[in-house]
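*Asks:* Chains as they are written, first to last, in the numbering used here: chain A, 1 to 167; chain B, 1 to 105; chain C, 1 to 500; chain D, 1 to 640.
Everything labelled a hint here was simulated from the structure, so no lab data went into it. Ideal placement from N, C-alpha and C gives every residue a C-beta, glycine not left out. Hints may be right or wrong, so weigh each one.
Here are some chain B residues pointing at chain A (derived, C-beta under 8 Å) [claimed, not checked]:
{"hint": "1", "residue": "Glu-3"}
{"hint": "2", "residue": "Ile-16"}
{"hint": "3", "residue": "Met-36"}
{"hint": "4", "residue": "Ser-37"}
{"hint": "5", "residue": "Tyr-55"}
{"hint": "6", "residue": "Tyr-57"}
{"hint": "7", "residue": "His-64"}
{"hint": "8", "residue": "Ser-67"}
{"hint": "9", "residue": "Ile-82"}
{"hint": "10", "residue": "Asn-87"}
One letter stands for each residue in the lines below.
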Amino acid sequence: METIIFYILSLVILVFSVLTVTTKKILRAAVYLLFVLGATAGIYFMFNYNFLAAVQLTVYAGGIVVLIIFSILLTHQINTDLDKINIKKIALGIISSGLGIFLVLSTLNNHHFEASNKQATDSTIHGIGRALLSYSDNGYILPFEVISVLLLATMIGAIIIAKKVEE
Amino acid sequence: MIEGISIHHILTVTTIMFFIGAYGFLTRKNLITMLMSIELVLNAVNINFVAFNKYLYPENMQGHFFSMFIIGIAAAEAAVAIAIIINIYRNIHSIDVEDIEQMKY
Amino acid sequence: MDILTSLILIPVLTVLALLFCKELKNIRVIAAVGMTIQLLQAIRLVFIYMAERASGNDSEMILKKSYQWFESINIQYAVGVDGISVLMILLTGIIIFTGIFTSWKMEYLTKEFFISLIVLATGVFGFFISLDLFTLFLFYELAVLPMYLLIGIWGTGKKEYAAMKLTLMLMGGSALLLVGLLGIYFNSAPDGGQLTFNILEIAKVTIPIEAQRFFFPLTFIGFGVLGALFPFHTWSPDGHASAPTAVSMLHAGVLMKLGGYGAFRVAMYLMPEAANEMAWIFIILTSTSVIYGALGAIVQTDLKYINAYSSVSHCGLVLFAVLMMNQTAFDGAILQMLSHGLMTALFFALIGMIYERTGTRDIKKMGGLMKVMPFLAVAYVIAGFASLGLPGLSGFVAEMTIFVGAFQNEDTFHRIVTIIAVSSIVVTAVYILRVVGKILLGPMIDEKHSLISDAVWHEKIPIFVLLFTIIAMGIAPLWMSDIIWESLGPIVDKLVMLTN
Amino acid sequence: MEFSYTIYIALIPFAVFVINGLFGSKIKESFTGYLGVAGMVVATYLSYFTAYHYFFKVGKAVDGAYQKVIGFNMEWLRFTESLHIDIGVLLDPISVMMLVVITTISLMVHIYSLGYMKGDKGYSRFFAFLSLFTFSMLGLVVATNIFQMYMFWELVGLSSYLLIAHYYQKPSAVAASKKAFIVTRFADLGFLIGILILSYLTGTFDFNILCNPEGPAFMQSSSAVFLGLSTMGWALILIFMGGAGKSAMFPFHIWLPDAMEGPTPVSALIHAATMVVAGVFLIARLFPIFAIVAPNALEVVAVIGGFSSIFAAVIACTQTDIKRILAFSTMSQIGYMMLALGVSGYGAEAGLGFMASMFHLFTHAMFKALLFLGAGAIIHAIHTNNLSEMGNLRKYMPIPHITFLIACLAISGIPPFAGFFSKDEILVAAYNHNQIYFWVEWIVAGLTAFYMFRLYFGIFWGKEKKYDHTPHDAPFSMTFPLIFLAIASAIVGFIPFSNFVTSDGLPFDIQMHWEIALPSIGIAIFGIIVAFVFYKKESDLPNRAVASFGSFYKYALNKFYFDELYLFVARKVIFKRFSSPIAWFDRHIIDATMDGVATITNYIALKIKGLQSGQLQQYASVFVSGVLLLIVIFIYLISV
């Protein structure tokens, strides 16, 4: 059962990934991306990382994709097709990507991963929250603070960059 | 740990996804679509982190938290990127990456 | 306070004082006062040195101080002087002092000019007192780099080109030098133990011969570029011709000596075996320099070019002498550095003054200036005679010591190149007298020149100081020669004993 | 020390030079002249006193020979333990004699210049340089070691340069001074190399050690041989090259005639009586080495001296500038002295030539200075050097006339004037050594008499020319030296010179050799008669004589084109073939190489800057390719 779900999710991810980077309509690309992100969240669910999946859905699917769509609307007529892409470029892209896939996969297949049998730790929201705010060995208070500062800076930065320059 | 699925399966999927993102980044001309490609790449990496966490080191949650922070940063990045894109569009009425070459030489 | 460190601190303080100074007049006065104190300190240092030696202190370097400032690779701020560096410091003190007065009328960006000039001098002072190769290199770079600004901003003619060329060529030399110095560093403890940059400690060990063979040429050429070693001398004519007066003085007078001093103190002293082995290559190059520079000077028509080629010839003689592996020749090399420093500074100062008055440096456009500016003309003639090695002036002492020393070598090769080098004195006479005859003697060529006035006080000060030292050195050379002689002992032990 | 005061003989003129040189423009002009004369009076007194003291009181050692006395010595610069330059005073017969000659002539010239240079713009400068010259020349002759000699040798060259260029606004004077300095400098190069070789072989500069027949110099006679001469011989020939340069011997003679551009007192002092004999003095100083170790080198000296004397005498017959005639005559007479040294042997009687040479140096200084000063008086009066613009001056200028006549008789070797005695000794020495030398010098004696009397008759007799103003007789300050020197020229020949100055210090007696003296007097009188016939009255005899000599005359008139030859070498060979190509090479090859490195770097930079296209995706694909490449390299190529 789980195997089948995983395959389905994988298929969704791969197919819509391809569509995202190849479709001519930009808005469609955004929508395909949304599917990919959703399927990713699904995989997180399968790992039993529910909080992460939720974050994925809210931040990525809910936030970023909406932002992207907004920007598309701000900069494009929705119906216009994207420009034709130079065949050379496509060829180059395919060759390097294909080569990359080949190289990485063949490396991976030659490598044996030692699966661990240790007991998984608590991945409840409660546990996550504790870990995030703890400053003990497995605590993440420092990155958490850093990220919050970063987000604040981003907010200000984004506003300043996008602000209309006053003549 | 997903029943019946080895780490190789997951890594295969994410590898392909990663390079699809890379392909998109290399070929798309539109800045927004390039941004989307980047999101694909990031997602592939996120899944990898989680998978390694889950399969190889289940006893702590580093991969999990790493993914979370990446998502946070990705959000920030997207916000700034889009702000920049909009600004560029305002200035040169195009968001074609080939038109943006002020940084040459 | 420690007198050696004060030699660095005084210029630094002067620079700081200049930074907070606005009025033109104050700037000049501060620079002049600072450098006067510096000169007095340099003179005091000579007396301290002589008193130390008289009281029986016969260690290689005196007034030694050492502070660790970068522990992990053992870089120290190690200072100390022997007779040679004391005299070089005195020379530098004299020349920066006179240089300040020569640029008294500098009006464009005065403050920045004096600051760069004094920073350069700081580097030179630091170079001469350093015993640590790394610190030495640091000061070396500090001395070379302000040159770019000084020529590029305050120069004349093709100044950007000249500044760029000079800086790039010297930097190229520095690159070789850095490799050489690091090579010495990494071989400074062949038997294991702490690697060191300290010259005195490296001198105690024998660097493996394979390493020496590789790093000696690098170090020697690295310093040689600054010492105008043929064929790396071409920055000199262009650089000197474009540089403002005080910079030419300092550069030809002192900076080029850094090359000779470094080649001697670092390259040859620390790697004596390779030096002995490869000396013949460089002897050929330097004796070429000597003759080539002199012959090149004959046909030039720009006063500064003439002097630049003459410097190539004279500095070639310095390097020639250090390669002669003979205590007398070494002595002569140091004397020649001092002598050439003084007289070339005087030359450039005078050329600057003549240029200010006539607006040209072309010898074909001048004539009979003796009549309108006897003081400057007489000074020029004396400088010329010092340059062609007339007894009673400094050049004779230095050249004769070199020639006699070089000729004491047993083998024919050394003696033949010595004879070749000796013949440069005739060529020197030709170009010096040609210039004197053209611009100072004979009838007045340009009517406008009859309105020229003679030197004023701030021009007379440097001329008097330089003339005095040139004549003093020429008339009573023995004390100077003795100071050098006794300091050469350790170096000779390492270098010359090897040949026997 | 007994003779330590002798250092002041040299130092007093130096002090005068310093005072006049530094403060000449500040103090009253006439004072500088008087100061110079006063200094010279003291120096002259001191050197006469020294001479008296040396020759008659303490100079002789027990065996009767005059020994060398070190009056003063001070280390000046040390090269090695054994090689060091000292500054000192060495007194021996020749240096004491030179002291007397130099101070006497210098004093006379100083006095003379008081009148001659009056009103000149460079009055104080002139006196300063005269003092400098005197100082250097005195330092030269009393040198205790060869390097001290070289130093003062250079300094006399310097003062000669400065004094020739006295009228520095005259291009010809500037050119002449330059020529004099460079030609002698070139010769000095030989001197210096000679010193280097000599010091290398012997390990000393000191004359006392060098000239000591038991010293290291004499151990060297068997050393390596190169081109038929020992190394020592070559060293000595190179040293002689320096002497030849200073003494204007062939082929370094070309500067001397031009040096006449200087003021006439300078010509008298430097270019007739003192500096130009420095070369002779140098050989005399090193005479024991020359005579014993390298007789071949001495033969060279003799040949050069003999050739120079006849060469110069021939040219002198054709010149019209009176100072140049005297200059060539000087060259000719110095040739005599060189020849005399060259034919001499070492030892008392064998050293006749040595003694004769010194004797001739002494007498020649007197009469040649007199000739120049006389010529100066004439030039001072009529403002020209040209013989053809003179004539019948005897009635205007009686004192110069008489003194000039005495000098002419002296130089021609007419007894009982000084030249006769010294020239006779030279001819005897030449006759004893090799008869060819004798006959050459015999002819030169005739030529000398001829051209001197050509000069004499041309100036004082013949047709009167038009002068700008009536020629006036010279003032007392100028006539006094003339009279003094005329008396000296007349009587110094009677000094028994061989009792004082000999090659090894042992005095001996000489006899008159009438069988040699008579023919030489004969040819001198013959020369005078020819001159009398030719030039006493205007006639076309000279022109006919010229015509019969044809092109030879033209060659002689143009000094056998040696100036042109040198000019050709200097301008066309050194300048065009060496210096200009080197300057070109430096700019266009070496410098261009350096610039070329920069240009190539620049070119490459321009070419590869296209890589920085600003195209983001281009960068990205390069980046991706690079990563893939690294994967391939590190995982597949290296690890396997």
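*Asks:* Indicate, hint by hint, whether the structure satisfies it.
*Replies:* Tested hints:
{"no.": "1", "hint": "Glu-3", "result": "holds, 5 Å"}
{"no.": "2", "hint": "Ile-16", "result": "holds, 6 Å"}
{"no.": "3", "hint": "Met-36", "result": "holds, 5 Å"}
{"no.": "4", "hint": "Ser-37", "result": "holds, 6 Å"}
{"no.": "5", "hint": "Tyr-55", "result": "holds, 6 Å"}
{"no.": "6", "hint": "Tyr-57", "result": "holds, 6 Å"}
{"no.": "7", "hint": "His-64", "result": "holds, 6 Å"}
{"no.": "8", "hint": "Ser-67", "result": "holds, 6 Å"}
{"no.": "9", "hint": "Ile-82", "result": "holds, 5 Å"}
{"no.": "10", "hint": "Asn-87", "result": "holds, 5 Å"}
In this structure, every one of the numbered hints holds.
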